[in-house]
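If you're matching them up, the sequences are chains B and C in order.
Using our numbering, the first residue of the first sequence is number 1, and each one after it goes up by one.
Using our numbering, the first residue of the second sequence is number 1, and each one after it goes up by one.
A few of these clues could be false.
Note that identical chains are pooled: a pair holds if it fits in a single copy or bridges any two copies.
[Said to hold, decoys possible] In silico EDC-like cross-links for lysine to aspartate or glutamate, where the CA-CA straight-line distance does not exceed 16 angstroms:
hint : residue 1 : residue 2
1    : K396      : E236
2    : K396      : D464
3    : K390      : E236
4    : K300      : D384
5    : K390      : E302
Hint data in this document are derived by calculation from the structure and do not stem from the laboratory.
Next come the chains, spelled out residue by residue.
There are 2 protein chains.
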Amino acid sequence: MLNFAQPAIEASRSWISKEGPHILSEYAELLSIPNHASDSVNIHKNARLIEQKFTDRGFDMRLLTLPGAPPIVYGEKLVPGATRTVCIYVHYDGQPVDPLLWNHDAFDPKMYDQSIYNGGKMIPMPKEGEPISEDWRLYARSASDDKAPLIALLAAMDALKAGNMGYSSNIKLFFDGEEESSSPNLESYLTTYNTLFQDIDVWVLCDGSVYQTGDPSFKFGGRGITSMQLTVYGAERPLHSGHYGNWAPVPGQMLARLLTSMKAEDGTVLIDGYYDSIDPLTEREKEMLDNIPNIDSMLKTELGIVQTEGNGQPLMERLLYPSLTIKGLSSGSVGDLARNIIPEFAIAELDMRLVKGNDPEKMMDLVEAHIQKQGWHIVREDPDMATRRKYPKIVKVVRSQDGFPATRVDISQAAIQDVIKGVESFTGENAVFLISSGGSNRVNDAIYKMLKTPAIQVNMVNHDNNQHAANENVRIGNLWYGIDLMSVLLTMP
Amino acid sequence: MLNFAQPAIEASRSWISKEGPHILSEYAELLSIPNHASDSVNIHKNARLIEQKFTDRGFDMRLLTLPGAPPIVYGEKLVPGATRTVCIYVHYDGQPVDPLLWNHDAFDPKMYDQSIYNGGKMIPMPKEGEPISEDWRLYARSASDDKAPLIALLAAMDALKAGNMGYSSNIKLFFDGEEESSSPNLESYLTTYNTLFQDIDVWVLCDGSVYQTGDPSFKFGGRGITSMQLTVYGAERPLHSGHYGNWAPVPGQMLARLLTSMKAEDGTVLIDGYYDSIDPLTEREKEMLDNIPNIDSMLKTELGIVQTEGNGQPLMERLLYPSLTIKGLSSGSVGDLARNIIPEFAIAELDMRLVKGNDPEKMMDLVEAHIQKQGWHIVREDPDMATRRKYPKIVKVVRSQDGFPATRVDISQAAIQDVIKGVESFTGENAVFLISSGGSNRVNDAIYKMLKTPAIQVNMVNHDNNQHAANENVRIGNLWYGIDLMSVLLTMP
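In isolation and in its complexed conformation, chain B is listed as follows (with noise of 0.2 angstroms):
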């Protein structure tokens, strides 16, 4: 298509041509410092060198502070002329790791000739000159969520110097270093270093997935989040299970029972009150949502699942309600390690999106009435042994103390407008535009809440990208995708 985003996209090509070698190069460099954010050494290492980076590309770069907190790699880069300020969010820390799972050290990046998961081989990483398949796949910790925009910026930087182009808006820079720790500190942020946001007309989040039929997405909003942390007891120590089985009360037994009883074998959740509060969609959601594609059945054969919860609802209506997902279990030990006991306690996890209209405090306040119905006493630390000789069923609720509202933003405001003119001019009808990414992204909501400035969701990695799990890995294709788009977005009218 002959449009403004043709030349910036020829640069971007040919830079990828020459350089994807060492694009890929710098990218391993990026990918080997270990980034969560409680590593607070790492942290600072990550953030120096990315600082560096943009230094190096003509960016005026500092690292933002406050104490205890990992720093915000902040820049900006005024264009004379420029009648628009866009600032680009992406985060650099990542998610823990547990080596146990990981086919690699995850902080030692490793090329792979495809998927894993489709019998992907392990080849080096490729030489100056050498081709590369888009469909090789770079594995380590934050491939893909989210150090890949940093690495598309720098080349599409690097591309539109080499091309001899300009950026057509002043650029902020602002890179979080705890989002996988839900950005405790991001509102502190925006308000110690208030006066650097003021001039910001749109904020464009780079995180997340492209669409599952590998078409460019956009999203306008994200599910808030919030999380609860469930320990049930048995006897105050672990007990033989021969001595004491079939008498002593089986913590991981009772536990069970406590998660059945919230959620029904199709997934509707149990609690109630659970889906009362939702904020109903506009005409405008409700087209969008229409225009869609259902990618269920394509998932369900990727994923190898048959029966979905919903009862055959697609995903991405199931997205506009709030869940409650078990993303951990524990009691005693599993496999080599099991023993012969009964288990003096079973934990649970539950990770709770919600949507526009719910509360996080008053969402688990409804988990805990319901807990509470089942017969639970609830406490907030371990009980005492006067405790446990007074209620038959004790359970400890921790309640997450960071979570945030879902968001979906106001897509007929101008600057949002300008950002989708600016990306179909490039991707042309293949785009979807989702009314909420069905991740949670506490920046949507500081945002929005804190300096009334509409944010879009701009996302580039492929959607089987494993991130917040093992074997985490970004497909070559979708960085080149992600270098051209960051080239289009430098250059949009």
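Following the hints, put chain C in place on chain B, whose structure we already have.
Relative to the frame of chain B, chain C by itself:
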């Protein structure tokens, strides 16, 4: 009480009061060698050390071996004029250790001034001449289960020698090296070395704890055991809990529902036929049951529980029914490692204790029939994609290969009566005679089935010893009692 036991007990007590610190340091030496059956290097170290110690006490020792199996430490001492041969069974292997759960290295024995559950503090091992409290506890893997009878035997032999007393029976020693792995080679050992066991009149099985009142206890059988591992599958890979939560199947939720269907809230197993094959008690067994002190309320206070399974039926009665206990549960991760994913599977480890009449294979068949009745498709290996795409509910069932049935010995046999009279002359009316241990001991089954020789279980260690779990310990007073008991058994008329 003035009887035959008097001189043996005097010899034991005099030895303990002089040599207590030496006994404990020799015990610490025994406990410092890791002893999981799969750790073949250390298992052999244990075997050779034990062999040496009994050789030093005048026993004719040898290691019985079979390829790939831990050795049996075997020994004998023939006594001129003895008309009876007693074989003492102990096992020197221990349960696996989860180091994260222990207060200290499980193989670096530490003394505490009382149980850590009562606030016990670590104290140095006593030096020569220092007083030793009976309430002290020695913490280490196998401190109770089951190296305690080894040190009790060694000390009893030393005590009798110091008191110039001989043994009244021919003594054989049979020390198992894989009891905690269900002694898979025991039957082969009894077959291969059959000639060594033909002249045994009674087996004295030293394993398990005294009655919960602290009174001496003797058991005439044990429950059988088997186990099953259930793995329930969701999508083929872990999914982002935001992008798929409320649509993708949640294995933890599905597993909770399955487990809940197996057991009523009062602990009654709901699997069809689970209670149908139980052999009724004989009149004599019913009498024994009636004479066992009810310890439920004491135990409930000690363990910090209000409600037990079985609607208030006493523990000793509950042990005469088959059990179904969740000994392990796992899906995703909990605590600091919890991630925002929908895990791809969930695992439950089921412990099943069986009573006389229950066949292990048939009991597992009943569980499988129940699972199928709930609409599950059972597989034996992780399902491939074709299977995943065909069945909505898939569970992998791994059945234990080394379960065995329960045993209950006929108490009226002469050799059993000999031992009962011997110990009664020492313990008086306090002794508690139990129809069956709640625990399971393959040797019970094998001896009875293969050698037709009667066996009696003789207990010494405290019941709150945390056997099989973290922070296993032995109360020093129980160790001393064990030395008394062994001195009496070696000299009983």
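Status of the hints after comparison with the structure:
Taking the closest pair of Cα atoms, K396 and E236 come within 16 angstroms of each other only inside a single copy of the chain (14 angstroms); across copies the shortest separation is 32 angstroms, beyond that limit. In the homo-oligomer, the alpha carbons of K396 and D464 never lie at most 16 angstroms apart, since the shortest distance is 35 angstroms inside one protomer and 25 angstroms across protomers. In this assembly of identical chains, K390 and E236 lie within 16 angstroms of each other by CA distance solely inside one copy; the values are 13 angstroms within and 44 angstroms between copies. Taking the shortest alpha-carbon separations for K300 and D384, only the inter-copy value of 14 angstroms comes in at or below 16 angstroms, while the best intra-copy value is 47 angstroms.
Only between protomers do K390 and E302 lie at most 16 angstroms apart by alpha-carbon distance; the minimum there is 13 angstroms, versus 50 angstroms within a single protomer.
Consistency note: the structure conflicts with earlier hint 2 alone.
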